Amino acid sequence: MKLGWLSASLGLWLLSVPANAQDDTTAFIEANLLATLYHELGHALIDIEGVPIYGQEEDAADVLSILLIDAFYEEEDAVALAYDTAFGFLGEAERSKAQGLAPAYWDVHGPDEQRYFNLVCLFYGADPDERDDVAADLGLPDDRAEYCPDEFDQANAAWGAILDEISAGAPGNTILLGELDADYSEAADLIRSEVDLLNEDFALSAELTVHLAPCGEPNAFYDPGTAEITMCSEYVDYLAELAR
Amino acid sequence: MRFGSIVLVTALAVPAPLIAGGVKGDYVRPRATIVTPDDSAALQEDEFGLSRFVASNIRETIYHELAHLLIDQLELPVFGPEEFAADLFAAVMINRLHNEDDTIAITYDVAAAYDAGATKESDRGAGPAMWGVHGTDQQRYYNFVCMMYGANPEERDDIARELGLPDERAETCADEYALTARAWGEVLDRVGENAPGTSLKMDWVLDPDSPLTRFVKAETARLNEILTLPRETSVSVIPCEEINAYYDPGPPEILICTELGEHLADLAQ
Numbered sequence: 001m002k003l004g005w006l007s008a009s010l011g012l013w014l015l016s017v018p019a020n021a022q023d024d025t026t027a028f029i030e031a032n033l034l035a036t037l038y039h040e041l042g043h044a045l046i047d048i049e050g051v052p053i054y055g056q057e058e059d060a061a062d063v064l065s066i067l068l069i070d071a072f073y074e075e076e077d078a079v080a081l082a083y084d085t086a087f088g089f090l091g092e093a094e095r096s097k098a099q100g101l102a103p104a105y106w107d108v109h110g111p112d113e114q115r116y117f118n119l120v121c122l123f124y125g126a127d128p129d130e131r132d133d134v135a136a137d138l139g140l141p142d143d144r145a146e147y148c149p150d151e152f153d154q155a156n157a158a159w160g161a162i163l164d165e166i167s168a169g170a171p172g173n174t175i176l177l178g179e180l181d182a183d184y185s186e187a188a189d190l191i192r193s194e195v196d197l198l199n200e201d202f203a204l205s206a207e208l209t210v211h212l213a214p215c216g217e218p219n220a221f222y223d224p225g226t227a228e229i230t231m232c233s234e235y236v237d238y239l240a241e242l243a244r
Numbered sequence: 245m246r247f248g249s250i251v252l253v254t255a256l257a258v259p260a261p262l263i264a265g266g267v268k269g270d271y272v273r274p275r276a277t278i279v280t281p282d283d284s285a286a287l288q289e290d291e292f293g294l295s296r297f298v299a300s301n302i303r304e305t306i307y308h309e310l311a312h313l314l315i316d317q318l319e320l321p322v323f324g325p326e327e328f329a330a331d332l333f334a335a336v337m338i339n340r341l342h343n344e345d346d347t348i349a350i351t352y353d354v355a356a357a358y359d360a361g362a363t364k365e366s367d368r369g370a371g372p373a374m375w376g377v378h379g380t381d382q383q384r385y386y387n388f389v390c391m392m393y394g395a396n397p398e399e400r401d402d403i404a405r406e407l408g409l410p411d412e413r414a415e416t417c418a419d420e421y422a423l424t425a426r427a428w429g430e431v432l433d434r435v436g437e438n439a440p441g442t443s444l445k446m447d448w449v450l451d452p453d454s455p456l457t458r459f460v461k462a463e464t465a466r467l468n469e470i471l472t473l474p475r476e477t478s479v480s481v482i483p484c485e486e487i488n489a490y491y492d493p494g495p496p497e498i499l500i501c502t503e504l505g506e507h508l509a510d511l512a513q
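Quick note, the sequences are listed as chains A and B, same order.
The letter at position 49 of the first sequence is residue 49 when you use the numbering used here, and the numbering goes up by one with no holes.
Quick note: to get the numbering used here, add 244 to the position in the second sequence (first position is 1).
No lab work stands behind these hints: they were computed from the structure.
These numbers come from a predicted model, not from an experiment.
Note that beta-carbon positions come from the ideal geometry of N, C-alpha and C, so glycine has one too.
With a Cα cut of at most 25 Å, we get these calculated SDA-like pairs of lysine to any residue:
{"no.": "1", "chain 1": "A", "residue 1": "LYS97", "chain 2": "B", "residue 2": "PRO410"}
{"no.": "2", "chain 1": "A", "residue 1": "LYS97", "chain 2": "B", "residue 2": "GLY376"}
{"no.": "3", "chain 1": "B", "residue 1": "LYS364", "chain 2": "A", "residue 2": "PRO141"}
{"no.": "4", "chain 1": "B", "residue 1": "LYS461", "chain 2": "B", "residue 2": "ALA285"}
{"no.": "5", "chain 1": "A", "residue 1": "LYS97", "chain 2": "A", "residue 2": "PRO141"}
{"no.": "6", "chain 1": "A", "residue 1": "LYS97", "chain 2": "B", "residue 2": "GLY408"}
{"no.": "7", "chain 1": "B", "residue 1": "LYS364", "chain 2": "B", "residue 2": "TRP375"}
Covered stretches of chain B, as calculated for chain A (at least 3 residues, CB under 8 Å):
{"no.": "8", "segment": "311 to 324"}
{"no.": "9", "segment": "382 to 389"}
{"no.": "10", "segment": "418 to 427"}
Next comes chain B alone, as it looks inside the complex:
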């Protein structure tokens, strides 16, 4: 099998139709109505024709896969499950690379996608799979919101409240973010020493003119500005018959499935 290794992991594991505001018996956290991508700003298209909601989530996915890449290529010691480390890296990258307004927009968009996944999980009735290598979408939702709040607690009090982060968790978020931002910050400083570079190269694409491809290409260029990698790595945007994204360690490649873009676009509607 092509994607046979532990580091080959999904970003958004399942197709998850958005059922906004649905009330589920086994889904008890306060549902914040704002956690939907349905406000008009989230649907606004960027210069490539990609909606903000899709762009935010593709961005988060690229960062997540980049974490797997860094863990592999730099042989980073991972003291807990790798998937969680990749999620937290994405949060650190969003905070480091984007201004406050963009960071807040991305926070809502990514939270909304996890929320949709969580709704899908609870719709299955039996509850989410507790044995998976990824956390459940509800857990990833809270971890993500906690990180984004913890990165700037003074400014983002309202985000924590609107996205339903319980106080009991909120009180540790600043420390949690500081710990992971320091660990990942050292890694980013290391790969940043010889930047800019050309380590990430666009490779296979289904349609070079599609909004998704053009967006990924721009993101790749942006990453090349801030890092150089031990190994030249391809970035591809192609169909893979599932809603997913991967990092493949050999030969190194970040693969964004076109189906993921389509899925996110459907979610936003």
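So that you can see chain A by itself, here it is in the shape it has in the complex:
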């Protein structure tokens, strides 16, 4: 089994620790921006690296996001990111419920609550001894938890092989910055530094451009036609609202 990527000498990425409520909101926004950027990176890799997708692509992108959170950060920061991202899914689920909407079972994404449990499961499964309390705190049922270490191993072996490939030529300069909305300077700074860090670790088979730009909806997407990730400016506002 290929577990090498995790133990590879990737620099550990440090996050500032929030000190008060304002910082909590900032941390929540940053965590969800990062997790979403990693999710879109998943779509980009599936396209650019020709990853064979046997199941749902959206789930595969979610899985990469969790694996990167687990791999890139030191324990304390990884846990903080996992919590904030998990609460992001929970927040969306509660928001829908408050609006009287049933989960959209027909959607190409899984229901938010399901994405929440998949996240918690894989994050727990990555280090079950260390993260027992996280699983308990976030309400992962034992019936699911028992499979999570295997689920993590399977996901890590699959994505790890792809990450090994794109790490081989690193550092690279294949991930480019596109438009960065000047009205969202903090988010722009985060994306700028994140792209630098990704280039340190990865060299993709083709160029990928990342934008932070208004797009008329709180969303983020990857466009395979142009190999561009767009993080919508509206998504930053949406996360700020969700944080309350």
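Given chain A, work out where chain B should sit, using these hints.
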């Protein structure tokens, strides 16, 4: 425990009595009345005495378990939850192995079984378990319909409409199907290189003359025509005290529980 591994998974997890046309508060998708196995064609028996509805769903189940087998024996990289990959493999197999008329019949029969499961889920009141390794039956219903529509959008517009697939999802289905059909297609080409073979062998059966056993035996022969596997694998049709089906990686075995056949036959009534 015998079935202790993650790859041992249920096809139809719970007994699900069909309550056709029931209106449920937390069950909001458009219910297509056609999603019931109650039209006479679905009840028509094949040469083994198995109704079309049961045959369609047993077939889909065998394909689903075969996906777990291929993931295990070929050590395929699985980038998302394995259960979803197994569901999509079944959709690809239905499209590859069956002509248009049969494919459409199977689509309605399998959709009807998921629909029954979804009704059961919503009847429990609290809603489906979001933490399970399988998707909810409603989700599996839509993913399945999306795949079957996406495999041939020009011809199957009416299926998408009748089975209530929202336009917003329908527009991505052709791309979704193309992506998964390419991935699984490469796998099928690989195991097809040395076909026909004898990798799948009928093993334990409760009743060799039962319609279910005879159908599974014929399906097994059909699969041997198109694939050879890294490991010889048993196929059994026996009681297992639950409505289920399994792939067991060691020693490799696909197990179809007789209770699953009985359950599906009850659903069809």
